[in-house]
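**Q** In order, the protein sequences belong to chains A and B.
My numbering puts the first residue of the first sequence at 14, with every later residue one more than the last.
My numbering puts the first residue of the second sequence at 15, with every later residue one more than the last.
None of these hints come from the bench; they were simulated from the model.
Any given hint could be a false lead.
Below, simulated EDC-like cross-link-like pairs (lysine to aspartate or glutamate); rule was C-alpha separation at most 20 Å, straight line [said to hold, decoys possible]:
{"id": "1", "chain 1": "B", "residue 1": "K85", "chain 2": "A", "residue 2": "E91"}
{"id": "2", "chain 1": "B", "residue 1": "K111", "chain 2": "A", "residue 2": "E91"}
{"id": "3", "chain 1": "B", "residue 1": "K366", "chain 2": "B", "residue 2": "D285"}
{"id": "4", "chain 1": "B", "residue 1": "K159", "chain 2": "B", "residue 2": "E149"}
{"id": "5", "chain 1": "B", "residue 1": "K129", "chain 2": "A", "residue 2": "E91"}
{"id": "6", "chain 1": "B", "residue 1": "K100", "chain 2": "A", "residue 2": "D81"}
{"id": "7", "chain 1": "B", "residue 1": "K111", "chain 2": "A", "residue 2": "E78"}
All values reported here derive from a predicted model rather than from experimental measurement.
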Amino acid sequence: MKRNWIRSIIGGLSFASALFIFQACYGTPQDFQTDLLVQGQVKSKTSGLPIQGVKVSVADNMQHEYTDNEGSFSFYTELLDQVTIRFEDVDSTQYGSFADRDTVLTNIGNNVYLDIEMEEK
Amino acid sequence: MFASVKRIVFRKFKEAETKLHELNYLFWECTTRCNLNCLHCGSDCLKDSSFKDMPLGDFLPALDTIESPPKNFTVVLTGGEPLLRKDIELCGREIRKRGMRWSMVSNGYLYDEQKHISLLNAGLGALTISLDGLEDSHNWLRNNKNSFVKVDNAIGLAASSSRLNFDVVTCVNKRNFHELPEIYDYLISKGVKAWRLFTIVPIGRAKSNQDLILSGNEFIGLMDFIKDKRKDKSIDIKFSCEGYVGEYELNVRDSFFFCRAGINIGSILIDGSISACPNIDRSFSQGSIYRDNFYEIWQTKYQPFRDRTWTKKGKCANCKDYRECQGNGFHYWHGEKNNALVCHKELIEQAKYVRNAKS
């Protein structure tokens with residue numbers, strides 16, 4: 014702890030802007046460290062059973078994932094003040110037919126778990 | 015005067031960092047398979063299909079030995095070409111489960127939209143893609159006629175994500191040296207925010223290909239190009255941390271030269287060896303994850319990295335800048351280790367001496 018304090022003081026005094034945000038010469042930059050883990054499960058509102066194959070996406074973003082056979086999904090996305098997660102039944106009637114829905118997330122931390130119920134059409 | 019004070023304070027900072035040796039950055043050479051056959055292979059990364067990919071199950075126990083990793087601790091997946099691994103997303107998710115970050119170095123050939131999305135979903139936080147020139151010169155160095163089309167697509171995808179801290183790296187050589195202004199314009203047109211430029215280390219295949227190695231005059235041209243373009247701030251352009259560049263220090267990157275190999279940077283190589291940057295001579299291996307506790311090795315070994323006085327020999331023996339440079343990048347000490355393979359400062363000074371003598 015004491016050493017970290019000394020490190021910060023000396024680093025600050027040397028007026029170099031990238032002292033702690035370094036990268037190895039053949040490596041990558043360092044992560045911005047601002048993302049959000051979105052996890053959850055999608056079920057049928059009528060039967061309570063998990064729904065497979067639902068497209069879970071972030072609005073205005075190309076990121077998406079599909080629910081597995083337990084209706085589960087999990088992905089990281091950019092942490093913003095407000096994130097809209099979209100649930101779409103895109104597989105026609107293969108695992109039933111459900112109405113699409115959006116969930117708007119606000120005041121979120123670094124991870125969120127969503128229990129989603131979708132209504133049958 | 016002000017510059018001298020900064021230099022002295024930075025020297026103290028380096029001493030403190032070395033003493034603390036906090037592990038912030040861990041390379042994982044997860045595969046040495048590669049889908050390209052670059053002319054400079056073996057210089058900054060290695061292709062060797064005789065090794066099997068390291069199983070995730072071998073890597074994770076080593077990662078789990080790290081006690082209280084700092085918040086910015088990052089695992090950097092490198093190769094070979096990491097995207098050849100079918101389980102790359104699983105690797106990333108396992109790293110994130112441990113509260114750690116991960117990033118990747120790629121040639122971009124397999125980086126399509128589907129892969130871009132699956133990697134972001136798995137928590138990829140930073141990415142570096144290699145671009146070695148405009149179409150002809152990139153394809154020439156990468157030894158593949160489709161590689162530019164592929165990397166162009168990959169760069170567009172990566173640059174479109176505000177979540178990713180993404181940069182492009184370019185190995186500057188005799189073929190692409192004159193294209194630098196056009197590459198600069200191209201990258202800005204693609205929305206790239208950061209560009210790092212390297213020279214090629216004369217080892218591996220690069221050792222016998224003189225087209226790959228810049229002359230002193232060309233190297234000065236590279237320094238002047240970076241210095242000039244840093245003024246307009248359209249893109250965060252910098253010279254890599256590969257070496258000490260004397261009078262150009264602070265003009266071509268954000269801070270003074272500091273090779274952090276073995277100080278903040280460790281690695282787990284394809285055969286389980288524990289070392290620092292993967293391009294460092296493999297004889298510097300400090301142990302093996304298959305017989306040692308990784309973090310114990312990090313805490314108790316790495317003496318050649320943390321006390322570099324052994325490099326004060328050969329051309330470094332009487333150098334007045336030794337305290338700033340400390341033997342240049344660690345990866346320039348190969349074989350018998352009697353001399354640094356490259357001295358950037360010497361390259362600059364000799365070329366300027368010849369220029370002055372002619373004028």
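**Q** Confirm or reject each hint.
**A** Status of each hint after checking the structure:
As the CA atoms of K85(B) and E91(A) are separated by approximately 18 Å, the hinted pair is consistent with the 20 Å bound. Taking the CA atoms of K111(B) and E91(A), the gap is about 17 Å. The hint holds against a cut of 20 Å. The hinted pair formed by K366(B) and D285(B) fails the criterion: a straight-line CA distance of about 44 Å is larger than 20 Å. Simply put, K159(B) and E149(B) have alpha-carbon atoms about 9 Å apart, close enough for the 20 Å limit, and the pair holds.
For the proposed pair K129(B) and E91(A), the alpha carbon gap of about 17 Å is at most 20 Å, so the pair holds. Of the pairs offered as hints, the one joining K100(B) and D81(A) holds, with about 19 Å between alpha carbons and a cut-off of 20 Å not exceeded. The hinted pair formed by K111(B) and E78(A) meets the criterion: a straight-line CA distance of about 18 Å does not exceed 20 Å.
When the structure is compared with the earlier hints, a violation turns up for hint 3 alone.
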